[in-house]
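Q: Using the sequences plus the hints, can you model the full thing?
For the sequence shown, position 69 (counting from the first letter as 1) is numbered 69 according to the numbering used here, and the numbering increases by one without interruption.
Check each hint, because a few of them may be wrong.
Restraint-style ranges between C-beta atoms, simulated for each label pair [what the hints assert, rightly or not]:
| hint | residue 1 | residue 2 | range |
| --- | --- | --- | --- |
| 1 | Arg457 | Arg98 | 51 to 57 angstroms |
| 2 | Leu309 | Met198 | 15 to 21 angstroms |
| 3 | Gly196 | Asp279 | 32 to 38 angstroms |
| 4 | Arg457 | Gly496 | 18 to 24 angstroms |
| 5 | Ile99 | Ala404 | 51 to 57 angstroms |
| 6 | Ala197 | Leu257 | 25 to 31 angstroms |
| 7 | Ala138 | Ala210 | 17 to 23 angstroms |
| 8 | Arg83 | Ala404 | 41 to 47 angstroms |
| 9 | Gln415 | Arg457 | 23 to 29 angstroms |
| 10 | Gly496 | Gly447 | 36 to 42 angstroms |
Result set (SDA-like, lysine to any residue): computed pairs, CA atoms no more than 20 angstroms apart in a straight line [said to hold, decoys possible]:
| hint | residue 1 | residue 2 |
| --- | --- | --- |
| 11 | Lys469 | Phe492 |
| 12 | Lys469 | Arg423 |
| 13 | Lys469 | Met403 |
| 14 | Lys469 | Glu497 |
| 15 | Lys499 | Asp445 |
| 16 | Lys469 | Ala404 |
| 17 | Lys499 | Gln486 |
| 18 | Lys499 | Arg465 |
| 19 | Lys469 | Gly496 |
| 20 | Lys469 | Phe498 |
| 21 | Lys469 | Phe437 |
| 22 | Lys499 | Gln460 |
| 23 | Lys469 | Ala489 |
| 24 | Lys469 | Asp445 |
| 25 | Lys469 | Arg402 |
| 26 | Lys469 | Arg457 |
Simulated from the structure, these hints should not be mistaken for lab results. All residues carry an ideal CB built from backbone N, CA and C; glycine is no exception.
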Amino acid sequence: MSASSFNNYQRAFGLYEPGVTLSADGRYLAYASFAEGSRHASVMVVDAATGALRVVGAGSENYAPALSATGSALAFTAAAADRSAPDRIAVADLATGRISFASSSASGEAGNGHSHFAAISADGRYVAFESAASNLVAGDTNGAEDVFVKDMISGAVRRLSVGAGGAQLPGDAGGACISADGGVVLFRTLADAASGAMTDSFHLYARNLASGAIALVAADSSGRAALSADGRYVVFSAGSPGREVFRKDLSSGALELVSASVGSMQGAGWNADPSVSNDGRYVSFGYETRDAALAGSPVINEIFVRDMLTGSLAQVSHGAEPGEGSFHPRLSDDGSQLAFVRYAGTLGPNYDVSWDVMTANIVTDSGVSARGTAGNDLFASSPNDDAWNGGAGLDVAAYRGRMAEYGIRAGAAVQVSDHVAGRDGVDTLQGVERLRFADAMLALDTGVDDIAGQAYRIYQAAFNRVPDKGGVGFWISAMDRGQTLQSVAAGFVQSGEFKALYGAAPSSASVVENCT
Numbered sequence: 001m002s003a004s005s006f007n008n009y010q011r012a013f014g015l016y017e018p019g020v021t022l023s024a025d026g027r028y029l030a031y032a033s034f035a036e037g038s039r040h041a042s043v044m045v046v047d048a049a050t051g052a053l054r055v056v057g058a059g060s061e062n063y064a065p066a067l068s069a070t071g072s073a074l075a076f077t078a079a080a081a082d083r084s085a086p087d088r089i090a091v092a093d094l095a096t097g098r099i100s101f102a103s104s105s106a107s108g109e110a111g112n113g114h115s116h117f118a119a120i121s122a123d124g125r126y127v128a129f130e131s132a133a134s135n136l137v138a139g140d141t142n143g144a145e146d147v148f149v150k151d152m153i154s155g156a157v158r159r160l161s162v163g164a165g166g167a168q169l170p171g172d173a174g175g176a177c178i179s180a181d182g183g184v185v186l187f188r189t190l191a192d193a194a195s196g197a198m199t200d201s202f203h204l205y206a207r208n209l210a211s212g213a214i215a216l217v218a219a220d221s222s223g224r225a226a227l228s229a230d231g232r233y234v235v236f237s238a239g240s241p242g243r244e245v246f247r248k249d250l251s252s253g254a255l256e257l258v259s260a261s262v263g264s265m266q267g268a269g270w271n272a273d274p275s276v277s278n279d280g281r282y283v284s285f286g287y288e289t290r291d292a293a294l295a296g297s298p299v300i301n302e303i304f305v306r307d308m309l310t311g312s313l314a315q316v317s318h319g320a321e322p323g324e325g326s327f328h329p330r331l332s333d334d335g336s337q338l339a340f341v342r343y344a345g346t347l348g349p350n351y352d353v354s355w356d357v358m359t360a361n362i363v364t365d366s367g368v369s370a371r372g373t374a375g376n377d378l379f380a381s382s383p384n385d386d387a388w389n390g391g392a393g394l395d396v397a398a399y400r401g402r403m404a405e406y407g408i409r410a411g412a413a414v415q416v417s418d419h420v421a422g423r424d425g426v427d428t429l430q431g432v433e434r435l436r437f438a439d440a441m442l443a444l445d446t447g448v449d450d451i452a453g454q455a456y457r458i459y460q461a462a463f464n465r466v467p468d469k470g471g472v473g474f475w476i477s478a479m480d481r482g483q484t485l486q487s488v489a490a491g492f493v494q495s496g497e498f499k500a501l502y503g504a505a506p507s508s509a510s511v512v513e514n515c516t
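A: This is how it looks when you write it as structure tokens:
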């Protein structure tokens, strides 16, 4: 199993991490971001089949989207522009554009407290969410956040985060997840549902809405959990001091460890934020890692997918620099597609607080042949022999080892051969501009009109010397992020090295004379 043919949909900016969500077949993707020309977050819905982008919102800030399995309904949190009213759970019918609100009582009265973080059933009928409102159901006097479920057809609303006998719990509850048919809902709380007493660890519960029965999933859960569409499997993180990811079968009670090390990547911290396929077979999760083979290598949060049937483990994301990381993985129903966000920040004066919204195809361990999109694509090598054509855009091929461990042969197509057996195979690349290794980035676009070629030549022309590796690498990265050749040149002219070479206000003739 491996990941290949990545798509980069948008660099997302906003007050909130752009948590992502997929429809069951992976066709529709939704995430939170600033809309063009706006400094307020909206929900972006992308049709991967057509490339169409739709902006959805019901307030000044709109975030935490949840798509129905069919892609026909979207639930999200909406905040009022002036914060004069509590945050609400909005539900958009994407066919008609109509927006209604789940955070209301059966009579339609809006909640009198903030509501957040919705989950939605496959057909969009049932919406689960957490809320501090006390007027959604009768008898809500605990002064805490509770988990509710709303029937968007009948208007009925139920509070689910109550004890085994129906008594109120004394502490906050949250983390709502819902099965495809709306029949099972997960929630977590510091309260013990059996005794009603507060504890010092989060308890994760599953409630059956038909019977009202409540089952303890884990007594030491932390972070987000996920529920398979059929309501059978729960994946969650638990344990101390470092968290591990587990899968629990609610039918049999079987508990399995999901998270593990892979290759030279050794666990450096917590495992978190799992997602699970429809049948529970595939589980994705974030894992803090560092390369044990590289002294002082940075700790980076990476995304992994495990096949619980075969045990195969695939690393999907490949960060290399301090400040990078990938988060919030979300699998399609069949596990063949994965959406996540990649933090593209770098440490230092050019700190970039943006998130790249990514999707990846998850494939079995066979050779992959793929063609990129018209945008920027990321290809991740598999243990077999892959063939990629990046097409237009700035395309990157990612490898798990250090650059010295590979052979690189140029030609009409670039061939990259891994010297380590069973890791990345022998790949054939066309239209790919960058090779990313565990310790270095190699630019292949060295032509006169290519970014790396332009950066090298203007550096050489400005300072009349062979560019140093660190300097030219910095400017290639800057131009990759959109800085123009003209602005790079202007910066060079203002530098101390340029003025020392040509004077404070050189003429064009003197520059030409000193360069010859």
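Q: Work down the list of hints and note, for each, if the structure agrees.
A: Going through the hints against the structure:
{"no.": "1", "hint": "Arg457 x Arg98: 51 to 57 angstroms", "result": "holds, 56 angstroms"}
{"no.": "2", "hint": "Leu309 x Met198: 15 to 21 angstroms", "result": "violated, 40 angstroms"}
{"no.": "3", "hint": "Gly196 x Asp279: 32 to 38 angstroms", "result": "holds, 36 angstroms"}
{"no.": "4", "hint": "Arg457 x Gly496: 18 to 24 angstroms", "result": "holds, 21 angstroms"}
{"no.": "5", "hint": "Ile99 x Ala404: 51 to 57 angstroms", "result": "holds, 56 angstroms"}
{"no.": "6", "hint": "Ala197 x Leu257: 25 to 31 angstroms", "result": "holds, 29 angstroms"}
{"no.": "7", "hint": "Ala138 x Ala210: 17 to 23 angstroms", "result": "holds, 22 angstroms"}
{"no.": "8", "hint": "Arg83 x Ala404: 41 to 47 angstroms", "result": "violated, 55 angstroms"}
{"no.": "9", "hint": "Gln415 x Arg457: 23 to 29 angstroms", "result": "holds, 26 angstroms"}
{"no.": "10", "hint": "Gly496 x Gly447: 36 to 42 angstroms", "result": "violated, 31 angstroms"}
{"no.": "11", "hint": "Lys469 x Phe492", "result": "holds, 16 angstroms"}
{"no.": "12", "hint": "Lys469 x Arg423", "result": "violated, 28 angstroms"}
{"no.": "13", "hint": "Lys469 x Met403", "result": "holds, 15 angstroms"}
{"no.": "14", "hint": "Lys469 x Glu497", "result": "holds, 17 angstroms"}
{"no.": "15", "hint": "Lys499 x Asp445", "result": "violated, 30 angstroms"}
{"no.": "16", "hint": "Lys469 x Ala404", "result": "holds, 16 angstroms"}
{"no.": "17", "hint": "Lys499 x Gln486", "result": "holds, 18 angstroms"}
{"no.": "18", "hint": "Lys499 x Arg465", "result": "holds, 15 angstroms"}
{"no.": "19", "hint": "Lys469 x Gly496", "result": "holds, 19 angstroms"}
{"no.": "20", "hint": "Lys469 x Phe498", "result": "holds, 18 angstroms"}
{"no.": "21", "hint": "Lys469 x Phe437", "result": "holds, 16 angstroms"}
{"no.": "22", "hint": "Lys499 x Gln460", "result": "holds, 15 angstroms"}
{"no.": "23", "hint": "Lys469 x Ala489", "result": "holds, 18 angstroms"}
{"no.": "24", "hint": "Lys469 x Asp445", "result": "holds, 16 angstroms"}
{"no.": "25", "hint": "Lys469 x Arg402", "result": "holds, 17 angstroms"}
{"no.": "26", "hint": "Lys469 x Arg457", "result": "holds, 13 angstroms"}
Figure legend: structure checked against the earlier numbered hints; hints not met, in rising order: 2, 8, 10, 12 and 15.
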